[in-house]
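Participant: So you can see what is in the structure, the chains are spelled out below.
Protein chains: 2
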Amino acid sequence: MSATIARKRISESTIHRLSLYYRTLSLLEKENYETVSSKELAKREKLTPAQVRKDLSFFGSFGTRGLGYNVNELKLKIESILGIDREWRVALIGVGNIGSALVSYKEFARQGFHIIKLFDNDQRKIGSNHKGIVVSDIKDLEKEVKEANISMVILAVPATVSQYIVDDVVKAGVTAILNFAPVNLRVPPFVHLRNENMSMELEYLSFAMVNNHAPKKPK
Amino acid sequence: MSATIARKRISESTIHRLSLYYRTLSLLEKENYETVSSKELAKREKLTPAQVRKDLSFFGSFGTRGLGYNVNELKLKIESILGIDREWRVALIGVGNIGSALVSYKEFARQGFHIIKLFDNDQRKIGSNHKGIVVSDIKDLEKEVKEANISMVILAVPATVSQYIVDDVVKAGVTAILNFAPVNLRVPPFVHLRNENMSMELEYLSFAMVNNHAPKKPK
Numbered sequence: 001m002s003a004t005i006a007r008k009r010i011s012e013s014t015i016h017r018l019s020l021y022y023r024t025l026s027l028l029e030k031e032n033y034e035t036v037s038s039k040e041l042a043k044r045e046k047l048t049p050a051q052v053r054k055d056l057s058f059f060g061s062f063g064t065r066g067l068g069y070n071v072n073e074l075k076l077k078i079e080s081i082l083g084i085d086r087e088w089r090v091a092l093i094g095v096g097n098i099g100s101a102l103v104s105y106k107e108f109a110r111q112g113f114h115i116i117k118l119f120d121n122d123q124r125k126i127g128s129n130h131k132g133i134v135v136s137d138i139k140d141l142e143k144e145v146k147e148a149n150i151s152m153v154i155l156a157v158p159a160t161v162s163q164y165i166v167d168d169v170v171k172a173g174v175t176a177i178l179n180f181a182p183v184n185l186r187v188p189p190f191v192h193l194r195n196e197n198m199s200m201e202l203e204y205l206s207f208a209m210v211n212n213h214a215p216k217k218p219k
Numbered sequence: 001m002s003a004t005i006a007r008k009r010i011s012e013s014t015i016h017r018l019s020l021y022y023r024t025l026s027l028l029e030k031e032n033y034e035t036v037s038s039k040e041l042a043k044r045e046k047l048t049p050a051q052v053r054k055d056l057s058f059f060g061s062f063g064t065r066g067l068g069y070n071v072n073e074l075k076l077k078i079e080s081i082l083g084i085d086r087e088w089r090v091a092l093i094g095v096g097n098i099g100s101a102l103v104s105y106k107e108f109a110r111q112g113f114h115i116i117k118l119f120d121n122d123q124r125k126i127g128s129n130h131k132g133i134v135v136s137d138i139k140d141l142e143k144e145v146k147e148a149n150i151s152m153v154i155l156a157v158p159a160t161v162s163q164y165i166v167d168d169v170v171k172a173g174v175t176a177i178l179n180f181a182p183v184n185l186r187v188p189p190f191v192h193l194r195n196e197n198m199s200m201e202l203e204y205l206s207f208a209m210v211n212n213h214a215p216k217k218p219k
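Protein chains in written order, with this note's numbering: chain A, 1 to 219; chain B, 1 to 219.
In short, the hints are calculated from the structure, not lab data.
Treat the hints with care, since some could be wrong.
The list cannot tell twin chains apart, which means a pair is met if one copy fits it or any two copies do.
[Said to hold, decoys possible] Computed list of lysine-lysine pairs in DSBU-like fashion (alpha-carbon distance at most 35 Å, straight line): (1) K39 <-> K125; (2) K54 <-> K131; (3) K75 <-> K143; (4) K39 <-> K143; (5) K143 <-> K46; (6) K143 <-> K43; (7) K139 <-> K54.
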């Protein structure tokens with residue numbers, strides 16, 4: 001079983017659907033399912049069976065007619081494709097409201113993302129302890145990120161300073177960044193940057209309500 | 001200027017791009033831009049100019065050759081399409097780590113989403129004050145949601161109880177729900193449900209790193 005896939009651009013929504021399949025397969029495993037049909041997976045995700053089959057065949061997984069997919073095998077395969085079959089060392093910058101909440105967010109560690117370093121520029125926060133991690137001075141970012149072998153950074157800093165800080169993160173050699181500030185940050189082409197903007201999902205809801213956008217019907 | 005658009009399904013990614021255009025237009029307005037070209041908008045969003053023109057023409061906005069789009073006009077139009085040209089009354093259920101952080105998340109109010117009610121089932125939290133809002137007992141959900149004329153609910157409760165609580169939210173007549181629990185909730189077809197799963201963005205990053213997925217190049 002190999003995670004090596006074609007280097008062509010796979011759409012964002014396909015990757016997100018893999019994350020969803022992964023969660024459903026974990027649940028099915030707990031419920032002692034050995035196999036699952038594309039129809040059942042589709043029902044649980046509110047997708048069409050054709051979409052499920054297309055996504056999975058793209059990654060070289062084919063169900064057996066009448067039996068469907070082997071739950072454990074498919075779960076391990078997606079785990080490997082998503083890169084969550086390993087442990088990731090993550091630093092979080094900005095121990096404010098959102099940052100503090102993220103330190104306690106158990107889902108991260110469950111998926112293999114371990115926040116092991118915290119940084120802030122506030123003297124009142126530096127040296128304080130959050131869930132067993134002592135907050136470091138942002139000034140020591142480059143040195144500590146390298147020493148701790150950090151490969152991902154979560155940025156939970158105010159929008160006004162986020163570009164300066166992301167520049168420092170890039171200088172420190174980090175190439176994967178999840179940004180919570182509601183701004184478009186500039187990073188070099190070799191850096192992976194994702195934005196988490198929680199109000200955008202509310203905007204999707206207001207759009208839907210204002211435009212009478214029919215919600216997806218569970219099938 | 002009307003927000004009425006065809007009732008056909010508009011893709012999730014188009015709506016998210018509208019949210020991004022909106023933010024960029026607000027910024028351009030602050031920078032005193034009167035007009036903006038599709039090329040400039042595309043550059044800021046890391047999209048192609050063709051994609052920008054396609055998205056905007058879909059909503060009946062056409063730039064003027066050589067001048068581009070009027071920044072203020074386009075911003076107001078998107079505001080109206082997204083339904084953020086009004087104030088939304090929002091209740092938040094679950095005043096734990098994530099919930100408490102969301103109460104302080106300023107971006108919500110900036111976009112017109114006002115958290116005016118908090119609910120929890122923990123006796124130690126009920127009656128306590130968060131940013132001026134007193135936490136209500138979840139038992140009074142239906143009554144208080146109706147009295148306060150709430151139209152959206154943010155759900156920040158543990159995954160294990162989220163289905164029971166979403167059932168109560170639906171019973172209380174709310175038809176727009178943003179769920180932070182990492183589970184697929186069942187809701188009737190007339191309810192708009194969106195999921196915010198913060199670890200899915202990290203999975204996108206791990207996918208990208210493991211598969212040498214080329215990041216989008218800023219143009």
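Participant: Run every hint past the structure and note whether it holds.
Facilitator: Cross-check of the supplied hints:
1. Taking identical chains as interchangeable, the C-alpha atoms of K39 and K125 are never at most 35 Å apart, the minima being 51 Å within one chain and 43 Å between chains.
2. Proximity of K54 and K131 under a CA criterion of 35 Å is satisfied in neither setting, with 42 Å inside one chain copy and 47 Å between copies.
3. Proximity of K75 and K143 under a CA criterion of 35 Å is satisfied in neither setting, with 37 Å inside one chain copy and 43 Å between copies.
4. Taking the closest pair of Cα atoms, K39 and K143 never come within 35 Å of each other, the shortest separation being 51 Å inside a single copy and 39 Å across copies.
5. In this assembly of identical chains, the alpha carbons of K143 and K46 lie at most 35 Å apart only when taken from different copies (31 Å versus 46 Å within one copy).
6. Taking CA atoms no more than 35 Å apart as the test, K143 paired with K43 passes between copies only; the shortest distance there is 33 Å, against 49 Å inside one copy.
7. Within a single copy, K139 and K54 get their C-alpha atoms no closer than 48 Å, and across copies no closer than 44 Å, so neither meets the 35 Å cut-off.
Checked against the numbered hints above, the structure violates hints 1, 2, 3, 4 and 7; every other hint is satisfied.
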